[in-house]
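**Student:** Spelled out from the first residue to the last, the chains are:
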Amino acid sequence: MSDFLDDVQRDAVTEIINIAIGQAAGALSQLVDEEVRLSVPLVHFLTPDRAAARLDEETGGGESVAVRQHFQGPFAGDILLIFPERRSLHLVRQMLGDDLPVDQLTELEQEALMEVGNIILNACLGSLANQLGMGVESSLPCYVRGRGRGILDSGQRPGIESEMVMFLHVDFSVRAKDVHGYLAFVMDISSARHFIDAVQAYVTAQMGG
Amino acid sequence: MPGIVPDHIVKTLTDAGEIGIVLLGGDGRVVLWNAWMAKASGIGAETATGRRLDQLFPHLAGARVISAIDEALKNGLSAILSSSINKRLFPLNHESRVPGKTEPMQQIVAVKPVSVDDGQRDCLIQVFDVTTMGHREALLRQQAKTMQALAENYRLSELHNRAIVDNTADAIVTFGEDGAIGTYNPAAIRIFGYDPYEIVGKSVSLLIPELVGQDGAVATDRFLDNRAEVEGRRKIGSTFPLELSLNAMELGGQRLFVAIAHDITERKAAEAELRKQKEWLSTLINAMPDLVCFRDGKGRWLVANKFYLELAGLDHVDYLGRTSSDLAHMSSGFGEFLLTGSLTDERAWADRKPVAYEKELPTRDGGAKVFDVIKIPLFEDDGSRRGLVMVGRDVTERKLAAARIHHLAHHDSLTGLPNRVLFQERLRSALAQAKRLGHKVALLFLDLDKFKDINDTLGHHVGDLLLKAVAKRLLRCVRESDTVARLGGDEFAVVLTNLDDPEGASTVAESIIASVAEPFGLDEHEVNTSTSIGITVFPDDAADSEHLLKNADLAMFRSKAEGRNNYHFYIAAMDAEIQARKVVEHDLRLALGTDQLEMHYQPLIEMRTGEVVGCEALIRWNHPQRGWVSPADFIPIAERTDLIVPLGRWILHRSCLQGRDWGRAGLPPMKIAVNLSPIQFKNHTALLAMVADILNQTGFDPSCLQLEITEGIAMQNVEATVDVLRQLRDMGVRIAIDDFGTGYSSLNYLKRFPVDKLKIDRSFVVDIGQHPDNAAVVTAIVSLGHSLGTRVNVEGVESREQLDFLKAQGVDEAQGFYFAKALPPDDFAHFVREKSPWPL
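Protein chains in written order, with the numbering used here: chain A, 460 to 668; chain B, 66 to 905.
Keep in mind that a hint or two might mislead.
Stated by the list, open to error - List time: in silico DMTMM-like cross-link candidates among lysine to aspartate or glutamate, alpha-carbon distance up to 20 Å:
id, chain 1, residue 1, chain 2, residue 2
1, B, Lys139, B, Asp92
2, B, Lys333, B, Glu308
3, B, Lys464, B, Glu423
4, B, Lys210, A, Asp557
5, B, Lys139, A, Asp557
6, B, Lys210, A, Glu566
7, B, Lys177, A, Glu596
8, B, Lys343, B, Asp361
9, B, Lys152, A, Glu596
10, B, Lys210, A, Asp562
11, B, Lys152, A, Asp492
12, B, Lys900, B, Asp877
13, A, Lys636, A, Asp515
14, B, Lys152, A, Glu493
15, B, Lys152, A, Glu494
16, B, Lys300, B, Glu275
17, B, Lys152, A, Glu566
These are calculated hints, taken from the structure and not from any lab test.
The task is simple: from the sequences and hints, build the whole structure.
**Tutor:** Written as structure tokens, this is what we have:
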């Protein structure tokens, strides 16, 4: 799928995502009253299988938790913020300032993680929509737990073979602690094409401007 | 939504919901405010409707929930917010289980854009009450933290235990019911020598054989919860002592044993060494004939030796750890002694130094032993009491010996009376007491009259018996508190204390005189004696013992001088007499060898013929100041000093010269009688030498020399006397016995004496006319003398009547004033020429 985007488009996506992530960081900082830094070094477009494999590879095959939100507009799909389970515990408990000796997130912690994810994901979506000059709506987030494939597959869309995944590393730094997570856009091919068209339009506009 | 569902249905549905539902219109104003919301916020729907949320809840201005609503309305983005992250959410109340009580609601708020037909967006807000969940999670959180703390504790404890097991010096080995070893710690490697891989899974009997029985099953019962000494076996095969603690536990339904084994090789060796030392020590202290006892700082007994236990009646009593007062109850009859010791214990502690004292203890056989006890306190470094060492040496024998020596030193062995030393002590203390109390003390000196004669005639044995008998009688004459002492020879002293007046002393003196005068029956002899007593009184006569002694002596001497068998109080004049005697002695010493001394001679008439046949030589002292001094005054003084020896020699020499000179002057040979002093006679050798010497020098005819000895002298030592008299006779000298009839001559002895003449004592002659008894004595003596073949002489003839009587009795020779007094040599020669023969 590397031919899915050309280099210019890839750079543009990275830039757009970085700006979006920057927005998300700002929103998060506001919430926790502390500086939160987020960065996205790389963006990959992968098939769902590759993405699932990558995720398992990255997490060592362990359980992951994710906050998933559906979005729709000119292009539609799911956006996921994924953490290896232990990292998620770490992140949430860092943010809540409470270290609980329990291996899984409690319900309230799941809610808190959802809110954190919601903030980041909304900021991303909002920034993307804004930069690409289109409207993207999001639905309420939900909490997912599982391994690579299970995380990425919402089970609602018709065929995963027709989808593609934009997979990004996200490095968080909250309260001087670093947390690594992943951001995944899961879209069907037509949505992906709409997205790329929009990026192309953005590139054109930028180059023209 | 109007047009699809009627408004009242919507209202009914939303009001029935168990969540908060708020619908905001595109302008952000409340369109729907359900009943749940109204109840939780306290704001009714009619109030809320048409107003914006920042108007309803002013404090939410700038909060995320407001911007999330904006995002939903403007951009169609959904948001979810929870109380855990958002500090500012809706100020809603949660109704707690206790009715009427509310608390701030923990909530989750979902903000969702809602599309309406005209392309406008509304915003649906749903509020979920998670307060209960929050409480539950808080509880969970609490429990989890507790669990974590426990887990941490457990982990630390495990680390701790592991460290102990790994680092302890004791072998820790676990094994199952089949004896198979499960774990094996580093100390076990060191102690037994096996590495874990060599031994784990094998039988524990390889290490400690006693843990497995004959049948191969573990035999642990007797070791459980019971420390025991067992034998361990090392890999190299040697055995060694172990102290074993064994515990059993259940683990997964299996019985598991934990053996903790301590290598006690060194301890056993030390114990053996200690036992050996203890054996030495206990053998040593038990062998000691002294009391030995160690006690701890609280007075509890640690060690006591056999000697002590036997003495204290504690043999077979387990004394260890008990105090003396405990043991006092257990002792068979010697509790008293155990109890009294605690006083001296306390003194040793208080003085912080050894205490030594003497203690008399009763023995079981009813006797008593005396101990020199020393108690030595021991202290800890901090000054507290550590222990007490008591040693008691049996000094009974020494004390007895000392008492015997003391008695010997202070008592006369013959009579048992105090001797001179003790007498002086008693006298001193009597004087000191009298001085304090204002009493008088009388000191009596006495001796037995003519004791020497008794000794001589009856022997020393009888003399000793007499002294003992006298001692007994003296004791009967005085009070218990008075002292009777024997000063030596036949001299006794009596101290009478607490006298009110000297009369008491004379009463005692009289009673003594009377008592001694009673005949003594001694060894079949009836012995008569008497005593002369001198008395002096403190403080009347003298203030110190030295003067009192001298005074008593003088007074006694006076009693003797005055005829014996009486007593005299000391009077100051006696001192003067002594002084006078001293002067006499001094003058006599000067007179010796000068013409102050002269010899006079009393004629001796042969009764048959009337012729003067000889004379008795008598000394005369013409003192330059005092004129003629009687021999009776100075001879005793000379006898009491060494003067008698030169004086006696001078007398004999002068007499012999005189006899020779008379011969040369033409007088018929004259027999000259010379008196020998008892003192002279004492030294036989010197006497014989002197007589031989003088006869040789003067050339005087020995047969003309008559040596006179008193009856007393003769009887003093019969064998020696016989011997000396025989030697004198061998020289040719004649022997006469003077003062015959006054002493105790035994006829038996007399018979053996080589005697030439008996001189009848003048006392028999003086009143011959008046006393027929005396006449009888004279007759008897004459008859006795003649039968023994001796001549018989009388002296003191003063009248014709006496002369006639004596002549009639057959007396051979006579002398006396009737014929002439003692005459100077020339007068004597004249008398011989003129008056001889005397007309009878």
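**Student:** Take the hints in turn and mark each one as holding or not.
**Tutor:** Taking the hints in turn, this is what the structure says about them:
1. Lys139(B) / Asp92(B): holds, 10 Å
2. Lys333(B) / Glu308(B): Distance ~10 Å between Lys333(B) and Glu308(B) Cα, so the pair holds.
3. Lys464(B) / Glu423(B): It holds: about 11 Å lies between the C-alpha atoms, which stays within 20 Å.
4. Lys210(B) / Asp557(A): holds, 11 Å
5. Lys139(B) / Asp557(A): Roughly 35 Å between the alpha carbons, so the hint for Lys139(B) and Asp557(A) is violated.
6. Lys210(B) / Glu566(A): Holds - the C-alpha atoms of Glu566(A) and Lys210(B) are around 17 Å apart, at most 20 Å.
7. Lys177(B) / Glu596(A): Roughly 10 Å separates the two Cα atoms, so the pair holds.
8. Lys343(B) / Asp361(B): holds, 17 Å
9. Lys152(B) / Glu596(A): Outside the cut-off at roughly 26 Å; violated.
10. Lys210(B) / Asp562(A): holds, 13 Å
11. Lys152(B) / Asp492(A): Within the cut-off at roughly 11 Å; holds.
12. Lys900(B) / Asp877(B): holds, 19 Å
13. Lys636(A) / Asp515(A): The hint is violated at about 23 Å.
14. Lys152(B) / Glu493(A): Holds, because 14 Å separates the two Cα atoms, which is no more than 20 Å.
15. Lys152(B) / Glu494(A): holds, 17 Å
16. Lys300(B) / Glu275(B): Measuring from Cα to Cα gives roughly 16 Å; hence the hint holds.
17. Lys152(B) / Glu566(A): Roughly 18 Å between the alpha carbons, so the hint for Lys152(B) and Glu566(A) holds.
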